[in-house]
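Protein chains: 2
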Amino acid sequence: MFTDKKIIHLGYSGAGYDPSPAVMDAIMESLSKINSYPYEGYDELEGLIAEYCNVGRKNVMVTNGGDEAIGIITALYGSRVLIPAPTYGEYAYLARSRGAEIRFSNSMHGDTYEVSFSDEELGWASLVWICNPNNPTGTIVPRATITRVLENTKATVVVDEAYYEFSGTSVADLVGSHDNLIILRTFSKGFGIAGLRLGYILASSEVINRIRNAKQEFNVSRVARAAGIAAMKSRSYYSERVEEAKRVRDDFERHCNSIGITAFKSNAGFVFVKFRDMGEMEYVHSTLMSNGLVTFGPSDSEFSGLSGPYVRIALGSKNDMERAKSEISKAVADYWAEKGRSPENKMQLQEPPEAEG
Amino acid sequence: MFTDKKIIHLGYSGAGYDPSPAVMDAIMESLSKINSYPYEGYDELEGLIAEYCNVGRKNVMVTNGGDEAIGIITALYGSRVLIPAPTYGEYAYLARSRGAEIRFSNSMHGDTYEVSFSDEELGWASLVWICNPNNPTGTIVPRATITRVLENTKATVVVDEAYYEFSGTSVADLVGSHDNLIILRTFSKGFGIAGLRLGYILASSEVINRIRNAKQEFNVSRVARAAGIAAMKSRSYYSERVEEAKRVRDDFERHCNSIGITAFKSNAGFVFVKFRDMGEMEYVHSTLMSNGLVTFGPSDSEFSGLSGPYVRIALGSKNDMERAKSEISKAVADYWAEKGRSPENKMQLQEPPEAEG
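Line by line, the protein sequences give chains A and B.
In this text, residue positions in the first sequence follow the numbering used here: the first is 1, and each later residue adds one.
In this text, residue positions in the second sequence follow the numbering used here: the first is 1, and each later residue adds one.
Chain A extracted, bound-state conformation (with noise of 0.2 Å):
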């Protein structure tokens, strides 16, 4: 069912632009010991990273890409996990692997996303996920939640900041005040490697050394170690180029809001997308796929309890999201014109539901 055009991925959310030049010339200085293992050890990173952080050098260590803490987490805290709906599915997809009881804390409301857990829910949780901002939506769990959550609960409490480099928002600075934080952050999305598979989490150093005894010597390859340390060395390089995206973002949300689809205000690396009803969100979203431009339904295992006539598109080049963006509105006129009203009449029938601010 494919076209003959390029085939365009909208749905894994990396990142829409290329590592800086250091970063590729550090890969390729690299490969000149591939056959060793990285014996030599993650303190040169973990330290960058501590800077880039504002956190202690014993407070940092690096993962195989953000989801290998998730998956070691969950095996050392998760008996009884409390998570947040949607939210990104492989919190309960580890959870479940690993036999824990789960427990999903309804978050949408209309159609604003708000993390509020009762008290009952924070003393049954051994371990509590927030995705910060939230994936799908794009939204913000303000800091006054967090903090709420840290002190109303014995459980460990993970704050996934994985779109950070997106959102500029962190509780990075309650590391050294909450035992019970672990803070979650990847390479992937801001400085776009996410085939090489490079996350880290920021604790206390007790919950680091518990962790870092728990994972393999040498979780992180050769590879992802020497891009991770030129890619703090190009900060300036990764702000322009998340910058330039966030602008395509929001003229991205501007163009679906024009044509009477909902985009949620996005603070991440991808635009939430509410369809007036979910025959127009299927049509779009399956008319997009057989045109070679993958995103990601309510039908995608990616999310946990996300239903409605919703779409996450995630943020690809400039030119890749002006495709998207002539498919969506092309595919919207479509299913109106054979339902027999324009989507213009439709819009003036139904009032399009408020975007979360």
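Simulated from the structure, these hints should not be mistaken for laboratory data.
Where is the CB? At the ideal position from N, CA and C, for every residue including glycine.
Please note that the accuracy of each hint is not assured.
Chain B stretches covered by chain A per the calculated footprint, using a threshold of three residues with CB under 8 Å from any CB of chain A [what the hints assert, rightly or not]: (1) 12–21; (2) 34–41; (3) 92–105; (4) 185–199; (5) 215–224.
Given the structure of chain A, go ahead and fit chain B onto it with the hints provided.
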């Protein structure tokens, strides 16, 4: 204390040769999409591995180095872990970090390494490790020993065949008939890409599914995946490299035996040497280290249950091993000269123990 001489790492055992040109080309090509998750999955690579191992496609799962599998298997099966000693240290290390009960079964009888678990031990265990060829002794665990273990326990039995390309010995053919068998393999040794982190397990489809559910979706990087695929298609290149490495290894063993220290007959990518006494071992080990030649002795945490005047020397290039030969000869001679006796005299005074066959 290091000299000007180039530092040679013969501690961690990777490979003393470079990847095939086809592997390097594949790595370069993989870099063009390094900003994307490896969303195409691992089907092609796992299919090629299945063919290489002569098992079904559903009996293979790739891992982030063999060591990732040790962590996941320990988390899933390892409440009571039975480990022969001495052996590779990661089995005990990761079991300990998960709070497992561990029993070591002494398998060093004089200078013979022989795994002989009691019925009581096999009845007790939930997880049994066998490293074949064993690390660090380099010796083969006979097939009859492995089948006896498999048939006399309800535990999950893992056979670590990391050095399969060197030993040519495998129980992969038993995967179809033994649901409690898991085989661990790696691309770090014979295929020489330890720096990229790629391994795999072979097991029944039920076990594979359970382990697959407990791992993150993208545990293997784009680069490792591309290199693994190309390595599976460069098998004659690697066969030749392994044969050359074995000739260098056997020559190194002969050299050790000729200067009165005992090299065990290795079936792996390293040589295990027994010195005349602890004094000689410690002097040579630390002298090599001061001269920039890194090897592993009993005080390194790499092995469980290793004590005695032993050193493990990983295979480097032919030139590396020539330098190791001359450094060891000189250190041995210096040690006995300081003692006021020549090593020749010492050799006549004490019969060196028989190497295990």
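Hints, verified against the model:
Counting residues of the segment 12–21 of chain B whose beta carbon lies closer than 8 Å to any beta carbon of chain A gives 7, which reaches the threshold of three, so the coverage claim holds. Requiring three or more residues with a Cβ within less than 8 Å of a Cβ of chain A, the coverage given for the segment 34–41 of chain B holds, as 6 such residues are present. Counting residues of the segment 92–105 of chain B whose C-beta lies closer than 8 Å to any C-beta of chain A gives 5; at least three are required, and the coverage claim holds. Counting residues of the segment 185–199 of chain B whose beta carbon lies closer than 8 Å to any beta carbon of chain A gives 7, which meets the minimum of three for the stated coverage.
Beta-carbon proximity to chain A at under 8 Å applies to 10 residues in the segment 215–224 of chain B; the threshold of 3 is reached and the given coverage holds.
Figure legend: structure checked against the earlier numbered hints; every hint is met.
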